[in-house]
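Sequences are here, hints too, so could you generate the full structure?
Top to bottom, those sequences are chains U and H. Heads up, the working numbering is the position in the first sequence plus 35, with the first residue counted as 1. Heads up, the working numbering is the position in the second sequence plus 35, with the first residue counted as 1.
Hints are computed from structural coordinates only; laboratory data are not their basis. Incorrect hints may appear among the rest.
Where chains are identical, the list cannot tell them apart; a pair therefore holds if satisfied intra-copy or between any two copies.
As the list claims (entries may be wrong) - Derived DSSO-like pairs: lysine-lysine, alpha-carbon spacing no greater than 30 Å straight-line: (1) Lys179 x Lys100; (2) Lys257 x Lys150; (3) Lys179 x Lys277; (4) Lys240 x Lys151; (5) Lys203 x Lys100; (6) Lys179 x Lys150; (7) Lys257 x Lys203; (8) Lys150 x Lys100; (9) Lys151 x Lys179; (10) Lys151 x Lys105; (11) Lys179 x Lys105; (12) Lys179 x Lys257; (13) Lys240 x Lys203; (14) Lys240 x Lys179; (15) Lys150 x Lys240; (16) Lys151 x Lys100; (17) Lys203 x Lys105; (18) Lys105 x Lys257.
Each chain, written out:
2 protein chains.
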Amino acid sequence: MCELLGMSANTPTDICFSFTGLMERGGRTGPHRDGWGIVFYEGAGARAFHDPNPSAQSPLANWVKAYPIKSQIVLSHIRQANVGSTSLENTHPFQRELWGRSFSFAHNGQIPDVKKRPLNFYTPIGQTDSEHAFCWMLDRLRQKFPVLPESHEQWLPVVALACSELAKLGVFNMLLSDGNFLVSFCSSKLYWITRQAPFNQASLKDAQLTVNFANETALHDKVTIIATEPLTQNEQWQPYIKGEFRAFLNGDSLFVRTGD
Amino acid sequence: MCELLGMSANTPTDICFSFTGLMERGGRTGPHRDGWGIVFYEGAGARAFHDPNPSAQSPLANWVKAYPIKSQIVLSHIRQANVGSTSLENTHPFQRELWGRSFSFAHNGQIPDVKKRPLNFYTPIGQTDSEHAFCWMLDRLRQKFPVLPESHEQWLPVVALACSELAKLGVFNMLLSDGNFLVSFCSSKLYWITRQAPFNQASLKDAQLTVNFANETALHDKVTIIATEPLTQNEQWQPYIKGEFRAFLNGDSLFVRTGD
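Here is the structure:
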């Protein structure tokens, strides 16, 4: 299994604290030795770092932990390989362009039979079932909406439906973004937390690190973090229920669908 | 104007030496203050670093200079903005997937009228004429070859022809790669050099740095570097002629077309 980490915020925020916790699970406190990746959105652009090496020993991960890249949307993933070798092209998050937007996707779970589904426009570069699932979802969106539809209320339900369908094939917890929304789906395990005023202190589970968010934030900041497992030990994380689809905009839950 | 840097090698090679020279031109010895980017291919995957800040003062550029990422194909670009703001989404190299391969593209010059050409499959994320040109070229390739053709001798001429056509719109020096070939086209200025045994010493023009390649290489290594301006002062760089298209594989010129 792999672990996911996502952030949606109403102001550019660095993810150093949460990322530090996640990276420990990549070979030290957790078994996810088969690479890690992170995407930071900045305007319409996306900045991605990928490494097929264990995150706990990665010089690039150390750089990303130390250098506070501020972003309103972040997706990250640490991998324990199931399908596909340990290589750069199999390292999540995957990225593709649709509607002139940079889409990113990271998956936790296994849905090997998705590879039997034919693809039309998007073709995987690597061998994972995850990238195949991403290509299939974007194919669906593109077939339904060749150009960007007027409202997210048109395209988000298509993603929600695709997620429910993919979850029938196995374990499918995922994060996806188009640079505006952070979209999440839970088939087995996922948690979220929104931090806003009054801000408190939080301590990582996986490393000796405590942050007092009151010192790091402004009054109206709102930052939502999504993770496979709660990253802190003294905060109240919300568990997703099975089949829950949740799209965040600027840290707010904007669109929620729960299972069939 | 911008500057281009490319590498094609027959063995994984780091580009720290050449990249150090190029980065100096990003705000110190040159005027290219509007961002920089680099793509390293690793297997079928591509590792990209982009920064809309001047390369001479970029902490990320310092990290990339210091950490020897070994690759057989590298594309890099430093930007002096003409069309499109200084932002991440306008920072070359641009990337798209075609035929399950990760394509990258960087452009030096201006061809504003390319934006009048309609696009079909690929849509720019930013505002540059360069990204529009890239999308247009990939559209052409995709229309001609919906799936990867058997031989590069089928698709490389399509790229060569597209380059000649784009060069009629203005200045169009470019580097493109599919992860196998490093493809180059010169409409006004571009140089290349192949380093192979017997290896010699080389000194950068833009920084106090000398490398003796004899100490860094093995007997059968072959490394071709392409750049807008020669990066070293004591080597013989080959100038491209106007309209020259040159595709390298493993450091060798495999496919060459010159002017009309």
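Hints the structure fails to honour: 1, 2, 4, 5, 7, 8, 10, 11, 12, 13, 14, 15, 16, 17
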